[in-house]
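Between the sequences and the hints, there should be enough to build the whole structure, so can you do that?
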Amino acid sequence: MSQPQIPNEADLQAYVDGRLSPTHRAQIDLYLADHPEALEQVRAYQEQNRMLHGLFDHVLDEPLPEELITVTSSKQRRGVFRVAAVLAWLLVGGVSGYLFRGEVTNTLVVSTPFTERAAIAHVVYTKEMLHPVEVGADQEAHLVQWLSKRLGHPLHIPDLTTFGYQLVGGRLLPGDNTGVATQFMYQTTTGVRLTLYISVKDESSAQTAFRIEEQDGQQVMYWAEDTLSFALVGEKDRQRLLAIAQLTYKAMSL
Amino acid sequence: MAQHPFNEHIPNLRRYAIALLRDRSLADDLVQDTLERGLKKLSLFKVGSDLRAWLFTIMHNLFINQIPRNKLWLQNLQADEAHSGDELAEELVTARDFMHALQLLSDEQRAIILLIGLEQLSYEQAAQVLELPVGTVMSRLARARERLRLLMSGENGPQLWRVK
Chain A
31 MSQPQIPNEA
41 DLQAYVDGRL
51 SPTHRAQIDL
61 YLADHPEALE
71 QVRAYQEQNR
81 MLHGLFDHVL
91 DEPLPEELIT
101 VTSSKQRRGV
111 FRVAAVLAWL
121 LVGGVSGYLF
131 RGEVTNTLVV
141 STPFTERAAI
151 AHVVYTKEML
161 HPVEVGADQE
171 AHLVQWLSKR
181 LGHPLHIPDL
191 TTFGYQLVGG
201 RLLPGDNTGV
211 ATQFMYQTTT
221 GVRLTLYISV
231 KDESSAQTAF
241 RIEEQDGQQV
251 MYWAEDTLSF
261 ALVGEKDRQR
271 LLAIAQLTYK
281 AMSL
Chain B
43 MAQHPFNEHI
53 PNLRRYAIAL
63 LRDRSLADDL
73 VQDTLERGLK
83 KLSLFKVGSD
93 LRAWLFTIMH
103 NLFINQIPRN
113 KLWLQNLQAD
123 EAHSGDELAE
133 ELVTARDFMH
143 ALQLLSDEQR
153 AIILLIGLEQ
163 LSYEQAAQVL
173 ELPVGTVMSR
183 LARARERLRL
193 LMSGENGPQL
203 WRVK
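As given, the protein sequences belong to chains A and B, one line each in that order. When the letters of the first sequence are read in order and numbered with the numbering used here, they come out as residues 31 to 284. When the letters of the second sequence are read in order and numbered with the numbering used here, they come out as residues 43 to 206.
These are computed hints drawn from the structure, not numbers from a lab. Please read all numbers here as calculations on a predicted model, not as lab measurements. Honestly, I wouldn't trust all of these hints.
Beta-carbon label-pair distances, calculated as ranges [what the hints assert, rightly or not]:
hint, chain 1, residue 1, chain 2, residue 2, range
1, A, K266, B, S181, 24 to 34 Å
2, A, R270, B, E50, 38 to 48 Å
3, A, K179, B, E50, 55 to 65 Å
4, A, H186, B, L192, 21 to 31 Å
5, B, V176, A, R270, 47 to 57 Å
6, B, F87, A, R270, 20 to 30 Å
7, A, H54, B, Q162, 13 to 23 Å
Below, a sample of chain B positions facing chain A; criterion: calculated Cβ distance under 10 Å [unchecked claim]:
hint, residue
8, H46
9, P47
10, N49
11, E78
Where a beta carbon is used, it is the ideal one built from N, C-alpha and C, also for glycine.
Following this line, the structure appears as structure tokens:
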């Protein structure tokens with residue numbers, strides 16, 4: 031019986047992708063039966079394809095974001111709040127250019143633990159009538175000192191009165207793994223509550239610019255700077271949320 | 043109303059973009075930019091040629107030229123990692139290792155693996171998208187898959203994702 035021909039690189043790839051004729055495939059099967067190393071490679075490559083489908087096929091079943099559907103419809107391409115728009119807005123707002131380096135995005139659907147924690151903390155404590163905070167705004171100096179110490183980073187509580195938000199106070203919360211987080215709560219005279227969630231950033235994660243993520247129906251604006259990650263939750267108006275983020279950013283970088 | 047011919051390709055463009063960028067927001071922006079660019083350049087499309095490959099080509103060029111890729115990958119990996127920390131199922135750990143290994147490939151290697159392994163483009167279509175000869179596509183694909191295999195088996199390269 032003749033030895034099966036040694037398949038070339040392209041044949042093996044085509045074998046992995048199921049793109050060979052049955053005859054050609056059978057020849058390679060014969061070869062692989064005698065070559066365990068090649069067989070191991072081929073199996074690993076097939077597993078790679080399987081993993082990719084396992085990880086990403088669900089995307090095909092997701093409803094498309096509206097802005098993608100409207101691109102090809104003749105409807106006016108309106109209201110799409112995108113990178114360029116955010117950038118332009120921030121530039122008008124006068125934030126220095128180094129802040130974003132082209133990384134500003136919005137409406138992340140993928141949840142990240144940090145924003146998830148911020149959103150959960152928001153929902154839990156803004157509902158609280160009796161004890162929304164641990165330390166009230168009447169002890170602001172103590173509050174700042176205490177939470178700065180626990181976070182290991184000096185904090186400056188932003189004054190958001192220009193947006194109608196008065197500081198209610200703050201609390202200490204568990205962060206990720208062994209870390210801690212803090213939450214500052216603000217409230218308007220009509221009782222609308224906004225929270226600023228801060229935790230120590232993972233050392234290796236890059237600095238990020240402002241991003242907005244949807245989290246349990248809440249818009250979470252978040253960014254990272256130096257050693258801290260910040261999230262703002264509770265303001266429904268995007269323009270205002272951005273402006274508040276900008277003001278908070280400035281206050282914190284004092 | 044008849045569907046725009048682009049529409050049937052949107053889910054696949056989106057899947058590819060999400061796998062490529064690991065950031066849904068940027069991925070959707072990339073898809074949107076691709077569609078808009080496609081509409082603008084539609085007069086350049088040859089009727090009867092491969093619309094799917096044409097759209098992927100536009101996306102690939104936008105990806106190569108516009109996205110601050112590596113940073114994003116690193117950021118999003120951390121999100122993935124912290125996420126799966128809660129759930130120690132074997133499958134998730136493997137998936138995480140896989141995502142890490144995929145991240146350690148070059149953009150070009152990742153793109154080629156995704157176009158062929160995930161989007162199941164033919165080698166000729168992939169060659170069109172990547173603007174390479176088919177032979178080069180085959181050798182790059184082989185190299186990329188082998189590198190990914192070695193990374194997954196821990197035989198080569200950094201093993202930082204196995205530390206925990």
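Can the hint on P47(B) be confirmed by a CB-to-CB distance to chain A that is less than 10 Å?
-> 8 Å, holds
CB-CB spacing for Q162(B) and H54(A) relative to the 13 to 23 Å hint = 19 Å, holds
Is it true that the C-beta distance of K179(A) to E50(B) lies inside 55 to 65 Å, as the hint says?
-> 58 Å, holds
Could you say whether the range 21 to 31 Å given as a hint is met by the Cβ separation of H186(A) and L192(B)?
-> Since the Cβ atoms of H186(A) and L192(B) sit about 49 Å apart, the hinted range of 21 to 31 Å is violated.
Range hint compliance [Cβ, F87(B) to R270(A), 20 to 30 Å] = 43 Å, violated
Within 47 to 57 Å or not, the Cβ separation of V176(B) and R270(A)?
-> Distance hint for V176(B), R270(A) holds at roughly 54 Å.
State, for the Cβ atoms of R270(A) and E50(B), whether the hinted interval 38 to 48 Å holds or is violated.
-> 39 Å, holds
When the nearest CB of chain A is found for H46(B), is that gap smaller than 10 Å?
-> It holds, given that the least Cβ distance between H46(B) and chain A is near 4 Å, below 10 Å.
Does the interface hint hold: is E78(B) within less than 10 Å of chain A, judged Cβ to Cβ?
-> 6 Å, holds
Between K266(A) and S181(B), does the beta-carbon spacing fit 24 to 34 Å?
-> Between K266(A) and S181(B), where Cβ atoms are some 53 Å apart, the hint is violated.
Should the hint that N49(B) touches chain A count as held when the rule is a Cβ pair under 10 Å?
-> 6 Å, holds
The structure fails to meet hints 1, 4 and 6 from the earlier list, while all remaining hints are met.
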